[in-house]
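**Student:** Whole structure, please, built from the sequences with the hints as guidance.
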Amino acid sequence: MVAMPDLASWLRIRREEKSIYLIDEHTRKVFSCIVEFVNLIDLIMNEASPEEVSIVARRISEIEHEADIMRRNVLSTLSEGKIDPSEREDLVHLTKRLDAVANNANAAARRISILDLNYVRMLGELFTKMVSDAKKCVEKLMETVDALKDGRDVSLLVDEVDHAEFEVDQDHLALRKALQGWKHGDIPPFTAITLSNLIDFVEGIADSAEETAEYIRLVSIKKPPKSRR
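If you're matching positions, the sequence shown starts at 257 in the numbering used here and goes up one per residue.
Be aware that one or more of the hints could be misleading.
Claimed, not checked - Straight-line C-alpha distance at most 30 Å; calculated DSBU-like pairs for lysine-lysine:
#1 K385 <-> K352
#2 K392 <-> K405
#3 K433 <-> K392
#4 K352 <-> K392
#5 K385 <-> K433
#6 K439 <-> K385
#7 K352 <-> K405
As the list claims (entries may be wrong) - With beta-carbon atoms standing in for the labels, derived distance ranges:
#8 A430 <-> D372: 20 to 26 Å
#9 S342 <-> P444: 50 to 56 Å
#10 E345 <-> P444: 45 to 51 Å
#11 D456 <-> R284: 21 to 27 Å
#12 I449 <-> R314: 21 to 27 Å
#13 L382 <-> I325: 31 to 37 Å
#14 R432 <-> R408: 35 to 41 Å
#15 K385 <-> E336: 43 to 49 Å
#16 E308 <-> V348: 35 to 41 Å
#17 Q436 <-> D280: 42 to 48 Å
#18 I477 <-> I311: 41 to 47 Å
If you are wondering where the hints come from, they were derived from the structure by calculation, not from laboratory data.
C-beta: ideal position from N, C-alpha, C; glycine also.
**Tutor:** See below:
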């Protein structure tokens, strides 16, 4: 029987322990942030009031803050537990990368909070598709994290995350091309910059998901260190 990599084995064996529970909770909280961001965009495109949009934007900020607290709790618990230093380092990097996914969603929501919503609506279906594809990318990442915890092979799932991220890249390119047709007089310079930042942060959601998935691939193929004689 082929020995499982250290971290994957450790996660499977200790699935019920506090640190793994916290990591799982952190992962779900990160995904909640993305779900709320998609909800935010849907509200805007469906002509929701600024007050409704503001409520959801604040909720995203709160969820991201909760995820950050969870990440710190994970780090604190890992420092107290009996775990090999290399495995601890892997888990620390994993939680930091997951946190970056939520950070990008929150940053995008913050940009929306300072924009006239009509300008966000002008981004249209191309932007809506980009957001939807970014969510799909994160959904595949969540499946990858679950596979790692269960000790299953993650290679195909990581490939699916990569493919989903590529779709977001294509959406990004198509949206940028479409924006080239906008007349400069139609939009104030600061608004144009903020919209550009918004688009970049949505791409950042998918980029962070891909980076996290690739890190999981790296962790999953690590071989246990040979014992010294």
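**Student:** Are the hints correct? Go through all of them and say.
**Tutor:** We went through each hint and held it up to the structure:
no.: 1; hint: K385 <-> K352; in the structure: holds, 27 Å
no.: 2; hint: K392 <-> K405; in the structure: holds, 20 Å
no.: 3; hint: K433 <-> K392; in the structure: holds, 23 Å
no.: 4; hint: K352 <-> K392; in the structure: holds, 20 Å
no.: 5; hint: K385 <-> K433; in the structure: holds, 15 Å
no.: 6; hint: K439 <-> K385; in the structure: holds, 23 Å
no.: 7; hint: K352 <-> K405; in the structure: holds, 17 Å
no.: 8; hint: A430 <-> D372: 20 to 26 Å; in the structure: holds, 23 Å
no.: 9; hint: S342 <-> P444: 50 to 56 Å; in the structure: holds, 51 Å
no.: 10; hint: E345 <-> P444: 45 to 51 Å; in the structure: holds, 46 Å
no.: 11; hint: D456 <-> R284: 21 to 27 Å; in the structure: holds, 26 Å
no.: 12; hint: I449 <-> R314: 21 to 27 Å; in the structure: holds, 23 Å
no.: 13; hint: L382 <-> I325: 31 to 37 Å; in the structure: holds, 35 Å
no.: 14; hint: R432 <-> R408: 35 to 41 Å; in the structure: holds, 38 Å
no.: 15; hint: K385 <-> E336: 43 to 49 Å; in the structure: holds, 45 Å
no.: 16; hint: E308 <-> V348: 35 to 41 Å; in the structure: holds, 38 Å
no.: 17; hint: Q436 <-> D280: 42 to 48 Å; in the structure: holds, 44 Å
no.: 18; hint: I477 <-> I311: 41 to 47 Å; in the structure: holds, 44 Å
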